[in-house]
Amino acid sequence: MARAALRRRLTWRTGTVIATGAETPRTRTIELDVPDWEGHRAGQHVDVRLTAEDGYRAERAYSIASAPGEPVAITVERLDDGEVSPYLVDELREGDELELRGPIGGYFVWGPEDGGPLLLVAGGSGVVPLRAMLRHRHRTGSEIPARLLYSSRSLDDVIYRAELDACEVVYTLTRERPPAWTGYARRVDVDLLREVAWPAEENPLAFVCGPTSFVEAAAAGLVELGYPPARVKTERFGATGGQ
Amino acid sequence: MDALDGNAIGGLLHDVFGAEMTNATGVCAHCGTHGLLAECVVYIGGPGAVVRCRNCSGVLMVLVTVREVTCVDLMGLAGLS
Amino acid sequence: MTPISRGFRGRRRPADADASRIPPGQYATDDFPVLSAGPTPHTPLDEWTFSIVAGGDRKTWSWDEFRALPSETVTRDVHCVTRWSKLDTTWEGVSVDTLLAEVGSDAAFVLAFCDGGYTTNLPVEDVTDGKAWVAFDYGGEPLDPEHGGPARLLVPHLYFWKSAKWVRGLELRDEDEPGFWETYGYHMYGDPWLEQRYAGD
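Chains as they are written, first to last, in my numbering: chain A, 1 to 243; chain B, 1 to 81; chain C, 1 to 201.
Just so you know, not all the hints are guaranteed correct.
To be verified - Cβ pair distances, simulated, as ranges:
no. : chain 1 : residue 1 : chain 2 : residue 2 : range
1   : C       : Pro24     : A       : Asp36     : 33 to 41 Å
2   : C       : Pro3      : A       : Glu202    : 42 to 50 Å
3   : A       : Glu202    : B       : Glu68     : 26 to 34 Å
4   : C       : Tyr27     : A       : Leu155    : 41 to 49 Å
To be clear, the hints were calculated from the coordinates, so they are not data collected in a lab. Since this is a predicted model, take the numbers as computed values, not measurements. No residue lacks a Cβ here, since even glycine has one placed at the ideal position from N, Cα and C.
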């Protein structure tokens with residue numbers, strides 16, 4: 001990526017919603033047409049800003065769900081008491097304008113040149129930037145082994161399930177299980193990681209994304225298994241603005 | 001409110017510094033730890049963003065946006081590269 | 001030009017019976033949001049003290065001594081600069097009048113200081129005459145550490161950042177010294193009814 005391209009002020013610009021689609025009862029993917037979009041890297045995010053008629057504004061960060069080369073898409077989970085997410089999930093329609101700035105981030109990003117084997121660890125909607133990485137890997141024809149460990153409340157809450165089922169994915173369902181569920185049913189900790197993660201000797205590269213407590217438990221587990229801290233990239237998200 | 005990390009303020013940092021900053025390394029003036037800004041502890045949601053050292057939790061920087069102008073205090077950073 | 005987000009109103013709800021109690025730009029919430037600038041301190045009660053510092057004088061109470069002081073139960077509305085307001089919150093605490101009575105001072109300002117290093121500044125006349133408390137109980141329960149326990153300052157007529165969590169004392173001062181957020185452009189006084197969010201408001 002050209003260095004010069006990074007030396008610019010990050011300005012707000014307006015995208016247009018070209019499609020929206022429900023992923024689960026609580027999440028929706030919003031695809032945007034952003035004029036002059038310079039492209040993004042897998043794992044980056046955008047800041048989204050809403051403006052009310054009286055000028056009141058609210059701003060949140062959302063991971064980009066699409067692979068480099070695809071139109072910008074975000075997947076938003078509705079937080080029942082949220083301010084921005086219910087609007088994005090329930091109100092925003094095709095043709096609406098949405099103000100955003102980005103792409104943002106140079107740390108929590110992956111491309112085939114970064115190598116692997118790749119271990120992706122997702123808590124809830126933390127799967128979004130990891131899905132962008134998996135799509136990027138697929139679209140570039142990369143043969144780097146990739147494995148996703150995805151912790152979800154229930155199978156119905158799993159985002160991108162049809163797409164992920166075609167990948168090497170291990171689910172753990174922490175709250176509700178289908179009757180015949182034989183998979184994992186507990187929180188991600190060092191013992192679960194020992195069973196699922198690539199051995200440290202293979203020099204894997206890990207990306208962990210989810211709520212703060214999830215990320216801290218998973219990252220600490222990987223380090224305990226011998227992953228060098230510099231090979232464990234983390235991104236924490238959470239409700240902000242008075243949740 | 002849980003603390004987040006430097007990724008959460010990547011946009012604000014980019015806006016202020018004019019460059020991607022989450023991959024930049026900060027040196028804590030309190031304990032000397034070197035750490036990527038992406039991995040620092042960040043408190044947002046209040047009047048401003050407070051960035052703290054993951055090792056000693058000393059304040060590295062404070063960012064406050066008042067009337068669309070962001071004020072940055074790098075008081076706890078001995079270095080940034 | 002900034003596009004308007006069709007149908008977006010933020011958290012504000014249609015006016016209700018209590019609308020006259022909600023300052024401009026605020027919305028009412030039943031939640032008690034937790035906003036922090038740092039990790040929640042957990043000072044053991046046997047190490048906790050509260051101090052009034054005036055020049056070279058310092059009056060310090062242990063937790064047991066502090067709790068032996070007369071306390072009051074008050075119900076007030078609180079208003080956070082991040083735009084939420086919470087009505088009819090009930091607190092028990094020691095009036096700042098009671099604490100200041102132990103120290104003779106004609107200082108005009110106080111700087112509240114806290115575990116974790118947070119500070120905030122207030123005029124003495126805004127923490128006296130029954131306007132401020134050091135609260136240790138919220139809604140009939142010991143104040144949760146997330147909300148500032150074991151004790152926080154309660155100055156309900158000013159924006160809630162003035163009601164410093166984890167407060168450990170008040171320093172009396174002749175000059176108004178900006179506290180943590182005030183240093184970065186938040187208002188020195190912070191009257192929610194005048195929307196004194198930032199310096200110059």
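Now for the hints, and whether the structure bears them out:
no.: 1; hint: C:Pro24 to A:Asp36: 33 to 41 Å; result: holds (39 Å)
no.: 2; hint: C:Pro3 to A:Glu202: 42 to 50 Å; result: holds (48 Å)
no.: 3; hint: A:Glu202 to B:Glu68: 26 to 34 Å; result: violated (48 Å)
no.: 4; hint: C:Tyr27 to A:Leu155: 41 to 49 Å; result: violated (36 Å)
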